[in-house]
Amino acid sequence: MSFSLGQALVAIIGYLTLLFGVAHAAERGWIKKSITEHPATYILSLGVFAGAMATNGAIELAHWEGYGALTYFLGAILAFLASSVILFPLLRLCRIYQLSSLADLLTFRFRSQYVGAGITIAMCLALLPFFALQIQAVADSIHIIASGTGLSPLASERHDGLAFLFCLIVIIFAILFGTRNPLAQTRNTGLVTAIAFESIIKLIAFSLAAVFIVWEVFGDYSSFELWFQSNRANLIPDSTNGTDAATRTALMLFFASTVCMPHIFHMIFAENPKIEELRSASWALPLYLVALSLPVLPIAWASVATDQPLPPEFATLGIGVDAKSPSIVMFAFIATLSAASATLIVSTLALSNMCLKHLVLPLNMIPVDREQGIYRQLVWIRRSLIALLIFAGFGSFILLGHRESLAQLGVIAFVGTAQFLPGVIASLYLPNANRFGLLGGLTAGLFIWGLLLLAPLVLGRPVVDPSWLQSTGLDATLTATLSMGVNILIFISLSLILPTSQEERIAAEICSMDDLSRPARHTLNLKNPGEFIRNLSAGLGEETARAEVERAMKELQFEPFETRPYALRRLRARIEANLSGLLGPSVAHSLVTRYLPYTPSDESGGEDINLIELQLDRAQLQFTGLAADLNNLRHHYRETLNTLPIGVCSLANDGEILMWNESMEAMTGIAADQVLGSLIRGIAEPWGRILTQFSDQDTDHVVRQKVQMPNGQSRWVSLHKSPVLDETLATRDRVMVVEDITEYVQLEHELMHNERLASIGRLAAGVAHEVGNPVTGIACLAQNLAYAESRQELDETASDILKQTQRISRIVESLVRFSHSGDLSSENRLCPCNVADAADEAAHLLQLDPGTKHIEFNNICDRDLVVIADPQKLLQVFINLYTNARDAYVGDGVITTSAEIRNQGQVQITVEDFGKGIPEHEIERIFEPFYTTKGPGAGTGLGLALVHTMMEEMEGHVDVESSHGDKIPTGTRFLLTLREGRYNDTQ
Amino acid sequence: MQGVRGLLLIFGLLFLFFPTLSAWLFNADAPWYRPHVFAAALIVASYFIQREKSSDEL
Numbered sequence: 001m002s003f004s005l006g007q008a009l010v011a012i013i014g015y016l017t018l019l020f021g022v023a024h025a026a027e028r029g030w031i032k033k034s035i036t037e038h039p040a041t042y043i044l045s046l047g048v049f050a051g052a053m054a055t056n057g058a059i060e061l062a063h064w065e066g067y068g069a070l071t072y073f074l075g076a077i078l079a080f081l082a083s084s085v086i087l088f089p090l091l092r093l094c095r096i097y098q099l100s101s102l103a104d105l106l107t108f109r110f111r112s113q114y115v116g117a118g119i120t121i122a123m124c125l126a127l128l129p130f131f132a133l134q135i136q137a138v139a140d141s142i143h144i145i146a147s148g149t150g151l152s153p154l155a156s157e158r159h160d161g162l163a164f165l166f167c168l169i170v171i172i173f174a175i176l177f178g179t180r181n182p183l184a185q186t187r188n189t190g191l192v193t194a195i196a197f198e199s200i201i202k203l204i205a206f207s208l209a210a211v212f213i214v215w216e217v218f219g220d221y222s223s224f225e226l227w228f229q230s231n232r233a234n235l236i237p238d239s240t241n242g243t244d245a246a247t248r249t250a251l252m253l254f255f256a257s258t259v260c261m262p263h264i265f266h267m268i269f270a271e272n273p274k275i276e277e278l279r280s281a282s283w284a285l286p287l288y289l290v291a292l293s294l295p296v297l298p299i300a301w302a303s304v305a306t307d308q309p310l311p312p313e314f315a316t317l318g319i320g321v322d323a324k325s326p327s328i329v330m331f332a333f334i335a336t337l338s339a340a341s342a343t344l345i346v347s348t349l350a351l352s353n354m355c356l357k358h359l360v361l362p363l364n365m366i367p368v369d370r371e372q373g374i375y376r377q378l379v380w381i382r383r384s385l386i387a388l389l390i391f392a393g394f395g396s397f398i399l400l401g402h403r404e405s406l407a408q409l410g411v412i413a414f415v416g417t418a419q420f421l422p423g424v425i426a427s428l429y430l431p432n433a434n435r436f437g438l439l440g441g442l443t444a445g446l447f448i449w450g451l452l453l454l455a456p457l458v459l460g461r462p463v464v465d466p467s468w469l470q471s472t473g474l475d476a477t478l479t480a481t482l483s484m485g486v487n488i489l490i491f492i493s494l495s496l497i498l499p500t501s502q503e504e505r506i507a508a509e510i511c512s513m514d515d516l517s518r519p520a521r522h523t524l525n526l527k528n529p530g531e532f533i534r535n536l537s538a539g540l541g542e543e544t545a546r547a548e549v550e551r552a553m554k555e556l557q558f559e560p561f562e563t564r565p566y567a568l569r570r571l572r573a574r575i576e577a578n579l580s581g582l583l584g585p586s587v588a589h590s591l592v593t594r595y596l597p598y599t600p601s602d603e604s605g606g607e608d609i610n611l612i613e614l615q616l617d618r619a620q621l622q623f624t625g626l627a628a629d630l631n632n633l634r635h636h637y638r639e640t641l642n643t644l645p646i647g648v649c650s651l652a653n654d655g656e657i658l659m660w661n662e663s664m665e666a667m668t669g670i671a672a673d674q675v676l677g678s679l680i681r682g683i684a685e686p687w688g689r690i691l692t693q694f695s696d697q698d699t700d701h702v703v704r705q706k707v708q709m710p711n712g713q714s715r716w717v718s719l720h721k722s723p724v725l726d727e728t729l730a731t732r733d734r735v736m737v738v739e740d741i742t743e744y745v746q747l748e749h750e751l752m753h754n755e756r757l758a759s760i761g762r763l764a765a766g767v768a769h770e771v772g773n774p775v776t777g778i779a780c781l782a783q784n785l786a787y788a789e790s791r792q793e794l795d796e797t798a799s800d801i802l803k804q805t806q807r808i809s810r811i812v813e814s815l816v817r818f819s820h821s822g823d824l825s826s827e828n829r830l831c832p833c834n835v836a837d838a839a840d841e842a843a844h845l846l847q848l849d850p851g852t853k854h855i856e857f858n859n860i861c862d863r864d865l866v867v868i869a870d871p872q873k874l875l876q877v878f879i880n881l882y883t884n885a886r887d888a889y890v891g892d893g894v895i896t897t898s899a900e901i902r903n904q905g906q907v908q909i910t911v912e913d914f915g916k917g918i919p920e921h922e923i924e925r926i927f928e929p930f931y932t933t934k935g936p937g938a939g940t941g942l943g944l945a946l947v948h949t950m951m952e953e954m955e956g957h958v959d960v961e962s963s964h965g966d967k968i969p970t971g972t973r974f975l976l977t978l979r980e981g982r983y984n985d986t987q
Numbered sequence: 001m002q003g004v005r006g007l008l009l010i011f012g013l014l015f016l017f018f019p020t021l022s023a024w025l026f027n028a029d030a031p032w033y034r035p036h037v038f039a040a041a042l043i044v045a046s047y048f049i050q051r052e053k054s055s056d057e058l
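So the protein sequences, as listed, match chains L and E. Residue 874 in the working numbering sits at position 874 of the first sequence; the count goes up by one each step and never skips. Residue 54 in the working numbering sits at position 54 of the second sequence; the count goes up by one each step and never skips.
Simulated from the structure, these hints should not be mistaken for lab results. Since this is a predicted model, take the numbers as computed values, not measurements. Take the hints with a grain of salt, since some may be wrong.
Each pair of labels, with its calculated beta carbon distance range [stated by the list, open to error]:
1. L:Ala627 to E:Ile10: 19 to 25 Å
2. L:Thr17 to E:Ile10: 44 to 50 Å
3. L:Glu639 to E:Ala23: 35 to 41 Å
4. E:Leu16 to L:Val735: 40 to 46 Å
5. E:Ile10 to L:Glu639: 21 to 27 Å
6. E:Leu16 to L:Gln7: 50 to 56 Å
7. L:Leu626 to E:Leu16: 24 to 30 Å
8. L:Phe447 to E:Ile10: 43 to 49 Å
9. L:Leu496 to E:Leu16: 28 to 34 Å
10. E:Phe38 to L:Ile204: 22 to 28 Å
11. E:Ala23 to L:Gln502: 51 to 57 Å
A few chain L positions that, by computed beta-carbon distances, are all more than 12 Å from chain E [unchecked claim]:
12. Ile172
13. Glu225
14. Pro286
15. Ser293
16. Thr479
17. Ser537
18. Thr599
19. Thr776
20. Asp892
21. Glu952
We treat Cβ as the ideally placed atom computed from N, Cα and C, and that holds for glycine.
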């Protein structure tokens, strides 16, 4: 039984058309999203790992090594089971920094475009045998089913034309469904769905082929079991014959290939929609691979049982042709075709991406369309590269001329790609690894691989004398071990010897699993997203620049008018990450450095605390053990600060706000999200001005600061600040505490008012007496008027009455002035006040009090001396001080008031008495509210406290000097300091 | 290296006991698919271990 060439051709075209249909239907949305976006679709698309090596090469391995063939599947199974060691950390990096290939990852980590170029060239070299493997599997299968012969195909008889046609169809498919979107971070739905479809077809076809083969060759399953038991010794090599080492090496190779092969890397990371799906894949894909590995051994053993004449890698077809079973032939061919085409398509896509980003773009030879941008050019270059790579694969297939079996080609490719594994592991776990080590190790490893495996493959003869090789005991297994061993040794040695750049250290921190990146807080020259677009237009074209900036803004959920430095830094980082997905990390980095530069004068800039917090909050669930405890502690302190009933705001050296707690939010009405990362001077008035002034001034405390809120209300705050020092005791940040004392101030003002009323009450008796005397006088004078005998007497009496009424008016005026409802709680009315007049007024008022009759007020102030003060408060200050001075005398006494101009426009007013003085231990407490030494009912204890408060409100201060006890003379002197003023000054 | 210690321990044990394990897997009396069953069991165990972990990694 055989198929004609035409039928084979129809089968190929039919199958690939079906594949096109599936991809197209998925792209168009004809297949439901619940299917295309189902986790199973992503998981099945990872079945791309199992190429022709699984359906053909593994059978060959099983033929020679029995169970050893399973290492091919087991390596991948282990890589996925251990996904939390390598795959998850890689996925984290790839998603955040838009890395879509191994070259992207290593360029990002080792910060050199030479690394990217080197990795890409090496990967192309390592993958040529792999491409040849896929093409050869399809080409030889076509030849076998077309010729219907069990004889080994000769090169001259091969249908290379059909192989070429297969390549052409693969090129068209890859271009149509793999390059539609230039943005690497967008999932290619059509491609993923088609590859998942191929995985299903591959598994079903391969399994059915095995079932038919067992049925055809052995009759039934029990006969197969019986045959296996009786031939077991021949089928399975002796495990004591050094196969353990070979098995371990093979496991390592296939494990490495799962991580490093570009097509698997592409499907795992670039096409991953969300992280949960990789978590599901970590157990579901191994199950798929176990299922795919089940047919391998029965087919290989059936090949031995039938002694079919074809090479073991084509055993499935050979048995089908031998048994003239169209079902077996058809299933075998479909399994090979689906496996090879999927692998070839995705490998080419991934490799073209690498070539574009790391070989073509760094050459900087693509002209930028200033208006249309670069998307279009990128798509066309990528398409050309896909074609070029598949043609190169076809060329290598022709060049190799069928000299090697599929498994041999596969092993050579796997040993080549395994050389990248040390770089991948070092990226995650070795912060000291550097680019010299990576490139040195890779060059050495690939040199050994090239010398012992690739060169003999290309040249068709060994480069190193086989007898010498044999004498050293080197075989394929040892070649892999040797090349990897030398690679790792040189990698580590060079990394230790040669210096690691600062950029590499930062990237190592970002890549390291244990560390969060600690981004520096640099200052950008740019002030808003519009400037980003303008600058980037020079490198990307206006349309692309605008699209990239808007995309980054949307991803970060920033408003279009964002100007916060922190937000702009994040925008810059996001644009670099997005451009990395488009152009590769090295080109993206150089573009961003060139067009979105940081301020050159900026020094270290400190750490970006807000970003670190954000990362920690996101990564919280990853922490375990001590790290989790520390993180909980951080949360505890953070929450304590955040919920503190007092405003806390922390500033970096350049004035960037690093913290803004809930009390600050409540007090200012400004949400933390709006101001974190802003400059303090940029926040809304009046807080921006007040906090900036306080931040800049030398004093660390402002006891009372009035804030005029936008709604017209007044608030009072007290401000305190303190530097936060780093290890070198240099000021790193500043923390400011803002206390809302509005209620306290209002209470204080009420007290002041009450005290004033109390003063009026105390004066009331004196006033009554003072008013009573002239009234009595007036009454007498009025009575005398009746007896006036002359006009002159009348005039004199009237004049006396007028004098008495003037005296009453003066008393009443003084009282009214003092009790004037001028609300002390209202804001200061600082204006020029004459000191002597204010002192006189106070003395006059107090003299109304009968208790003050024996006191002489001696006012020796310069009559022209003017200070800046609130007249009401100044009067109250004098009254309170005079009252205290009066009370200090037992009998008669003199209270002297003097004033003099001191330095810097300050006026010092002295109120002095020679009473009993204040004991030293009481001096410290006299300004405390409710502290009094007078007897019960004699004083409220608020007088001097109010003097202190009012002097501060008038921007002055009060001091006291006193002699008490044995010292002579005894007495107290209050020193009031106020600013000098002039009558044309206003505040 | 957080969260992977258990996994590394399992891998270390597998490596140490690889000869014994392979002798048992490929025992003369064993059915031919015993390695497959073992791999499937390993996968199921891994599924239950990983299910307990949080899904929010990024």
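Hints and how they fare:
1. L:Ala627 to E:Ile10: 19 to 25 Å: Holds, since L:Ala627 and E:Ile10 (Cβ atoms, about 22 Å apart) stay within the stated range.
2. L:Thr17 to E:Ile10: 44 to 50 Å: Given about 46 Å between the Cβ atoms, the range holds.
3. L:Glu639 to E:Ala23: 35 to 41 Å: violated (57 Å)
4. E:Leu16 to L:Val735: 40 to 46 Å: violated (54 Å)
5. E:Ile10 to L:Glu639: 21 to 27 Å: violated (38 Å)
6. E:Leu16 to L:Gln7: 50 to 56 Å: Because 54 Å falls inside the window, the suggested range holds.
7. L:Leu626 to E:Leu16: 24 to 30 Å: holds (28 Å)
8. L:Phe447 to E:Ile10: 43 to 49 Å: Given a distance of about 36 Å, which is not inside 43 to 49 Å, the answer is violated.
9. L:Leu496 to E:Leu16: 28 to 34 Å: holds (29 Å)
10. E:Phe38 to L:Ile204: 22 to 28 Å: holds (25 Å)
11. E:Ala23 to L:Gln502: 51 to 57 Å: For L:Gln502 against E:Ala23, whose Cβ atoms are near 52 Å apart, the range 51 to 57 Å holds.
12. Ile172: holds (36 Å)
13. Glu225: violated (8 Å)
14. Pro286: L:Pro286 is in fact no farther than 12 Å from some Cβ atom of chain E, at 5 Å.
15. Ser293: L:Ser293 is in fact no farther than 12 Å from some Cβ atom of chain E, at 7 Å.
16. Thr479: holds (22 Å)
17. Ser537: holds (32 Å)
18. Thr599: holds (31 Å)
19. Thr776: It holds; L:Thr776 is separated from chain E by about 93 Å at its closest Cβ, greater than 12 Å.
20. Asp892: It holds; L:Asp892 is separated from chain E by about 86 Å at its closest Cβ, greater than 12 Å.
21. Glu952: holds (54 Å)
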